[in-house]
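2 protein chains.
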Amino acid sequence: MSFTLTPENLDDLAEGAAVLGTGGGGDPYIGRLLVERQLRAGRDVRIVDLGTLRDDALVVAVAMMGAPTVFIEKLPSPEGSVAALRALERHLGRAVDAIMPLEAGGLNSMMPLVAAAAADLPVVDADGMGRAFPEIQMVTFNVAGVPGSPMGIASDHGDSAVIEAADNDRMEWLARGLTIRMGGAAYTASYPMSAATVRETAVPGTLGLALRIGTALRTAREHHRDPFDALTAALRGTFYSHGRVLFRGKVVDVDRTTVGGFARGQVTLAAGGESGDPGDPGDRIVITFQNEHLVAVREGGHERDGQVAAIVPDLICTLNTETGRPVTTEALAYGQRLTVYAISTPAIMRSPEALACFGPSAFGLDRPYTPLEELTPATP
Amino acid sequence: MSFTLTPENLDDLAEGAAVLGTGGGGDPYIGRLLVERQLRAGRDVRIVDLGTLRDDALVVAVAMMGAPTVFIEKLPSPEGSVAALRALERHLGRAVDAIMPLEAGGLNSMMPLVAAAAADLPVVDADGMGRAFPEIQMVTFNVAGVPGSPMGIASDHGDSAVIEAADNDRMEWLARGLTIRMGGAAYTASYPMSAATVRETAVPGTLGLALRIGTALRTAREHHRDPFDALTAALRGTFYSHGRVLFRGKVVDVDRTTVGGFARGQVTLAAGGESGDPGDPGDRIVITFQNEHLVAVREGGHERDGQVAAIVPDLICTLNTETGRPVTTEALAYGQRLTVYAISTPAIMRSPEALACFGPSAFGLDRPYTPLEELTPATP
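If you read the sequences in order, they're chains A and B. According to the UniProt record's numbering, the stretch in the first sequence is residues 1 to 380, in order. According to the UniProt record's numbering, the stretch in the second sequence is residues 1 to 380, in order.
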């Protein structure tokens, strides 16, 4: 969908993007703050439907690279994203016509808006992940064979580089190495392609979807309705059809390290036996993450012990049980009362080629992909 | 000086370059082999005096980056250097007119010849280090304020990148990060500048000097004369006036690790009390290296215990005692009979600015720079 961002719908968009961030994608608050500054400075953020672009318009995916744990300590700048974009433009010898989010989650759905406002370019309502993923080759563009190179990358210290990698896996590997040396966070502009190619390869409408999710959660809070019911209703009729409450409980353990440029770890929730908790006391769920949540496994004394409740690329979201507000992996803390909510991914993200790129095996997980709606049927 | 390389003078040039490599710069045998292949393929290697170039000719410094320990396991390719050069040319939108060695030591005095033959360009008889140094900002160009960026860098896997760093220290830092991810060895093309600027900032004539040193050592061997006397005689009348035998003995300890993309360690030699050894039995010398030898310190029971015999940027060379052939840090082994020979550096490498860039403190050494000729006076 096409729309112009206002301070009002920015809050909803940021919250919905944090849900699609599936625990990762960086702190949405920071990204929202940066977009807000652009709006206050009188700049426009124009989000345009893919259908409105000329076939040969040059579109570039903009994102931050690095561990979300670093972004908390170091506020990203609009200048960094624009520097990455300009480095790529100099290399291509051509101006970019539109910016596109690389991923539809958290900070990385906000940074393209910041860059677009700063560079006076429109943002395309589409992305390459349909959620957040930790690595830059984990995109539908790559699944379709679109090269991510040449890729512009810039630091907060006045450095930039253009990488031409042999393939998209090596692009991730090289850019990640530079990102670590750039201080653990870098600005990237990659996958330069025509709008025609974006139309064939992107997950469409994900900014619109984020706005819809955020609006549903806010409205539920305003009207004292259950936010999870509202979320499930909002997903109905989109490409992300199925929403499921997997678990409700308290965080009893968080194991998190920043290693190799990623935030990696596990979070364990235990059911408290409180009203509304769908589980017996003693039931647990363990979620493994690499920036984003990857797999949720049930633990406990009953027949579902060891059962996978949801697995990547389906979305596993940790949301505040009272408010439905998303909690990212770097903000997880002992004692938080959370609801684990899962969302099914569109068909374009479930093909064998897509699963090879960002399914369980791409993360070294020893479990097959099974669609959420089979793992966890809807409660009637 | 200007000359065209032949198979005959290649051997001398490679050996002299290995002496200037001061223990580092990579295995000279490998570089010589690669140049030989170019000559056998009928390509010319034309070395030209700085004076012959037009003021506005574009000159680029070519070098391998990485730990010499890696080059032994992975033979460098002409294609890699040309790929780095082409990446830089695309960025500059201009063809390079001449290649220059970044450093005058070991493998890195040979790779520019390989690249120049493969790209059909002349090589300028000058360099930025006047020896070998482990880091890319340790050049007289940097001392004079010439930016090393934009810098082309390429791997053996079909990847390339162009780095535009905020300064030359950051260029080293970022390129080293990429080099590690490129497999521990990478091809670089940096410090693009006009021939006029090269004339003002480079150490001139270092390829000619290497040829002179190599010829002196070979001739001494052929005529059964002392190679170290020949070396000292060859240096007389050049910018590298003073040569000194510091120590003669056997390797009794080598401590070497490859860490952070460098070969770091220490080698200890003990005097054997044999005929011709200038020292009592029990005398030792300990040389600390980071790719190249940095400081030689005397140990033993007499009054010179703890005394610095020579220190960076003066050259400390480990040469086979019988033949005068240089032994690089990665080839050092227990039991080798070596002569530690030091060479004074030209004035351009001893200014306060130069010492700040590649003197003892630049390597974290806690000792002041003292010229070789003061530390170790000539024996009459």
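Simulated from the structure, these hints should not be mistaken for laboratory data. Fair warning: this is a prediction, and the values are worked out from it, not measured in the lab. Accuracy of the hints is not assured; some may be wrong.
Simulated restraints on C-beta separations [stated by the list, open to error]:
{"hint": "1", "chain 1": "B", "residue 1": "260", "chain 2": "A", "residue 2": "72", "range": "21 to 29 angstroms"}
{"hint": "2", "chain 1": "A", "residue 1": "94", "chain 2": "B", "residue 2": "94", "range": "14 to 22 angstroms"}
{"hint": "3", "chain 1": "A", "residue 1": "79", "chain 2": "B", "residue 2": "255", "range": "40 to 48 angstroms"}
{"hint": "4", "chain 1": "B", "residue 1": "255", "chain 2": "A", "residue 2": "257", "range": "50 to 58 angstroms"}
{"hint": "5", "chain 1": "B", "residue 1": "304", "chain 2": "A", "residue 2": "77", "range": "51 to 59 angstroms"}
{"hint": "6", "chain 1": "B", "residue 1": "120", "chain 2": "A", "residue 2": "331", "range": "34 to 42 angstroms"}
{"hint": "7", "chain 1": "B", "residue 1": "366", "chain 2": "A", "residue 2": "368", "range": "56 to 64 angstroms"}
Going by beta-carbon spacing under 10 angstroms, a handful of chain A positions derived as facing chain B [stated by the list, open to error]:
{"hint": "8", "residue": "91"}
{"hint": "9", "residue": "153"}
{"hint": "10", "residue": "162"}
{"hint": "11", "residue": "165"}
{"hint": "12", "residue": "166"}
{"hint": "13", "residue": "200"}
{"hint": "14", "residue": "308"}
To list a few chain A residues with every Cβ distance to chain B over 12 angstroms, as calculated [to be verified]:
{"hint": "15", "residue": "38"}
{"hint": "16", "residue": "52"}
{"hint": "17", "residue": "57"}
{"hint": "18", "residue": "346"}
{"hint": "19", "residue": "347"}
In this text, a Cβ means the ideal position worked out from N, Cα and C, and glycines have one as well.
Verification of the hints:
Separated by about 27 angstroms at the C-beta atoms, residue 260 of chain B and residue 72 of chain A satisfy the suggested range of 21 to 29 angstroms. For the pair residue 94 of chain A and residue 94 of chain B, the beta carbons lie near 19 angstroms from each other, so the given range of 14 to 22 angstroms is met. At about 46 angstroms, the beta-carbon gap between residue 79 of chain A and residue 255 of chain B stays in the expected band of 40 to 48 angstroms. Range check, residue 255 of chain B to residue 257 of chain A: about 31 angstroms between beta-carbon atoms, so the 50 to 58 angstroms window is missed.
In this structure, residue 304 of chain B and residue 77 of chain A meet the distance hint of 51 to 59 angstroms, their C-beta atoms being roughly 56 angstroms apart. Distance hint check for residue 120 of chain B and residue 331 of chain A: the Cβ-Cβ separation is about 59 angstroms, which falls outside the suggested range of 34 to 42 angstroms. Range check, residue 366 of chain B to residue 368 of chain A: about 59 angstroms between beta-carbon atoms, so the 56 to 64 angstroms window is met. For residue 91 of chain A, the suggested interface contact is upheld, since its CB lies about 7 angstroms from the closest CB of chain B, less than 10 angstroms.
Of the supplied interface hints, the one on residue 153 of chain A holds, with its beta-carbon coming within about 9 angstroms of a beta-carbon of chain B, less than 10 angstroms. At about 5 angstroms, the closest approach between the beta carbon of residue 162 of chain A and any beta carbon in chain B falls short of 10 angstroms, and the interface hint on this residue holds. Given the 10 angstroms rule on beta carbons, the hint for residue 165 of chain A holds: about 5 angstroms separates it from the nearest Cβ of chain B. Given hint, residue 166 of chain A at the interface with chain B, holds; its Cβ is 4 angstroms from that chain's nearest Cβ, closer than 10 angstroms.
The closest approach between the C-beta of residue 200 of chain A and any C-beta of chain B is roughly 26 angstroms, which is over the 10 angstroms cut-off, so the hint fails. For residue 308 of chain A, the interface hint is violated, the least distance from its beta-carbon to any beta-carbon of chain B being 34 angstroms, above 10 angstroms. Remark: the non-interface label on residue 38 of chain A is consistent with the geometry, its nearest Cβ contact in chain B lying 25 angstroms away (cut-off 12 angstroms). No Cβ of chain B comes within 12 angstroms of the Cβ of residue 52 of chain A; the nearest lies about 33 angstroms off, and the non-interface call holds.
Distance check for residue 57 of chain A against chain B: the nearest CB is about 24 angstroms away, which clears 12 angstroms, and the non-interface claim stands. No Cβ of chain B comes within 12 angstroms of the Cβ of residue 346 of chain A; the nearest lies about 32 angstroms off, and the non-interface call holds. Against chain B, the non-interface label of residue 347 of chain A holds: every CB pair exceeds 12 angstroms, the least being about 33 angstroms.
The structure does not agree with the numbered hints 4, 6, 13, 14 stated previously, though it agrees with the rest.
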